[in-house]
Amino acid sequence: MSRNAQNDHLTRLEQTSIHVFREAFANFRSVCMPWSMGKDSNVLIWLARKAFCGKIPFPLLHIDTTYEFPEMYEFREKAKVIHGIDLIVRVNEDAIRRGIGYATHDPVTVTHELKTVPFKAAIDEFKWDALVTGIRRDEDPTRAKERWFSPRSAEGNWDYKDQPPEFWGQFASSAPEGGHVRVQPLLEWTELDIWEYIRRENIPNPTLYFARDGKRFRSLGCHPITHPVDSPASNIDEVIEELKLTKTSERAGRAQDHVGRNSMQELRAKGFM
Amino acid sequence: MNTQSLSQPVSTSLPSVEDHRKMHVVVVGHVDHGKSTFVGRLLNDTDSLPNGKIEQVRKNCAIEGMEFEYAFLLDALIEEQEQNITIDTTRIFFRTKQRAYAIIDAPGHKEFLKNMVTGAASASAALLLIDAKEGVMDQSRRHAFLLSLLGVKQLVVLVNKMDLVDHSESTYQKIVAEYSAFLKTLGLNAVHFIPIAAKHGENVVDRSAKMAWWKGPTVTEALDNFAHEDDLTGLPLRLPVSDIYRFDHRRIIAGRVEAGAIRPGDELIFQPGGRRSTVRSFEDWPGPESRSVVGTGGSASVTLSEQIFVERGQVASHPANQPRVGREFRARIFWLGKEPLVQNKTYRLRLLTQNVDAVIAKIIKVTDASTLESKEAASVPRDSICEVIVRATRSIAYDLHSECPITGRFALEEGGRIHGGGIILDTVSKSEGPSGKVTASERGARAGHPPAVIWFTGLSGSGKSTIAEAVERRLFDAGRNVVRVDGDDLRVSLNRDLGFSAADRAESVRRASAVAGLFAGTGHLTLVTLIAPLAADRAKARAALANHTFIEVFVDAPLAVCESRDVKGLYAKARRGEIAEFTGISSPYEAPESPEVHIKTDKTSQEEAVDLVLSAIDKVLQGKGDDWEV
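Top to bottom, those sequences are chains U and G. Take the first sequence: its letters are residues 0 to 272, numbered as in numbering that gives the first Met the number 0. Take the second sequence: its letters are residues 0 to 629, numbered as in numbering that gives the first Met the number 0.
Hints listed in this document are in silico derivations from the structure and should not be mistaken for laboratory results. Just so it is clear, the structure is predicted and the values come from calculations on it, not from any experiment. Treat the hints with care, as some may be off.
[What the hints assert, rightly or not] With a Cα cut of at most 27 Å, we get these calculated BS3-like pairs of lysine-lysine:
no.: 1; chain 1: U; residue 1: K243; chain 2: G; residue 2: K96
no.: 2; chain 1: G; residue 1: K183; chain 2: G; residue 2: K214
no.: 3; chain 1: G; residue 1: K374; chain 2: G; residue 2: K344
no.: 4; chain 1: G; residue 1: K52; chain 2: U; residue 2: K243
no.: 5; chain 1: G; residue 1: K132; chain 2: G; residue 2: K52
no.: 6; chain 1: G; residue 1: K214; chain 2: G; residue 2: K173
From just these sequences and the hints, can you work out the full model?
See the structure below:
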């Protein structure tokens, strides 16, 4: 494949994502972008800066479970400055006081308490009507039915059985009463697209994605339940080459996905991203 | 969790082939004409199934004592997904040597049409199956009609189950003749009619030995010859304005180029409105260099040489090649709403970034998508196709669908949800730009509602301003043109030469009605809060504003209550004799005898009061509908 064809493909994805960002910003009263500091999240920041000519005109939200890798906190502070991010950080202090944690509780409970609960509280607090997420259709079967603009009820529920039709670039333009709309600019991207774009644009990312001692992280979550995969890929070119050959799924290293057969669905029905 | 579900690519990698882009394909056709079998076979023959999947399904069939069928592969996938979540625009992936494909939407779902529309609108190509034995059926025609409306140009018809008609070329030819004649009436043209037997994999990936007479391509060969989509770069420039950014000193017009291309130095005209300026620069981040041209599909960030008024919804084009501007056109609509589409009802029309109220002025005919027979009707049921006259409440920029598809189509929305879509066939009124004085009805049409004056009268401290402010907020949030003229504000500005004498009060009421008249004349719902204690003065105001709807709201609070509130400290001053002729203390208040709205504040909550006023406004506006609508 020629380098040009590759660039065209990435440029087309990029330009579509920019359009989605701009339509969201024009349509909704109050936009926020949750930020996990992971690669997809960082690509989103980059795309937002392109969409808005350098400046991200809405806040980012980090739900801090307190179980992030130390490198991620360092990265957060660095990226905040580089991108000029207006950052809101929320921790479920109450759950932590109650002793909720990976040492004593199962991952689904912890994820719910430390991510979903403070996430919903932040939505209640700031009354955002649009949230920009880094969801991609290729990540998980439950994400394959997502739309560019996906309305969520006040309870955060997703009525996937009765989704609005979406065609000709016309998206759902208003949030349900008391609810919000998930805006998903990366819907059509694949994991490989993400990495090739990161390489092309030179987008800052945590170094945990690159192999140390024969292991690297392919997806980043809370450190007690996120496991590195065996890999010699120690730089971006090697990661891309590795992805072209891999047969395992991206989130294989994320324990909360594997507790029960339907754990992902369970988490998402409760408002998880 | 099964990480190798069929709904995902078998690996996240794409094949090392010529074309990196995944092509979206939609599979349609009459029920039982073999869509599932075909998709199952296609997945199998292109080696796109996860390891062990087919063996697993075969084993399950053996246990159940059933003969294995390729359709079960798809059923297994659907079942697998249904345990997780119900199907919507699911994608099924497969690949040829040439490139990767996504089949949008699994066949057979009961919300098929709604999802097919969503899927087909983003598909580059369609495969339509016809059962060779059964022939052309109802849905064979209906689906083609929808494809034609959605603009899917690349269509391959698969004449399936050829094994059931002895692989007969004459049977095949008969279907080709009948169906291509039908397609022609829709303006569609199938690239190929391929005879296949999906069950046996004949002409799917591998050539059929039993149909040696077929010299055309197999299904995958035909797919690999498809182009991704029409390149609209050769068309005239259409850049709908998405937003205006003023994050710093720059004023950037943001939008996506939907057709044509734009370069720095280009002269642009923004329609509707017709203002012109020149592209000064593209503000591409991160820079330092910006693009020298932005083509179709590209997002542009444009600064202009002149500071002209530009707003979301306008379409920028080159002056030599502009879109049409107007309010009325003939359109063909497909309707997916649960409630029928109704004549004379107002919907939200969305065309690119334009978003206006539009009335279905006339339903010309409702077409049976299968027989193409048309009949007149006053409403259009779900999943139907019709031809209508659409009348927008203000001018929009558009093209005919035949001239530029992307600016020639629109969605119809009600209650924040999209219920249908349409393509523009023709302009109705030839007289586009009315000339001369701007009339009140034109202003009303732009605002989407007629003007009115809502006059709040009552004692000082009765709560006039508080209620008026809340009413203003509600109207403003509902997208109404609304303005508030506050007596206290006037007293320190326009009326600062006036005191509280009877003569000065009369003059103050006269001036307030003049101001209200000006605002109402520009199409505003004008809220006036003024004590106006004398009935005669109020009668004069009503007479002066006779051209407009006048709603008198009496905010009726007992004097004792007003005095006890005394927010502005005026009652205390009046009692001390520091203000002469203060209404209620040293000057009379003549309560209105028959106000349109009477709010007794000791019996009515503020919320109820706001609702009372709003419903009075609504009633009047609705009753006036015919007067202002052109």
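Hint-by-hint comparison with the structure:
{"no.": "1", "hint": "U:K243 to G:K96", "result": "holds, 16 Å"}
{"no.": "2", "hint": "G:K183 to G:K214", "result": "holds, 24 Å"}
{"no.": "3", "hint": "G:K374 to G:K344", "result": "holds, 20 Å"}
{"no.": "4", "hint": "G:K52 to U:K243", "result": "holds, 22 Å"}
{"no.": "5", "hint": "G:K132 to G:K52", "result": "violated, 31 Å"}
{"no.": "6", "hint": "G:K214 to G:K173", "result": "holds, 17 Å"}
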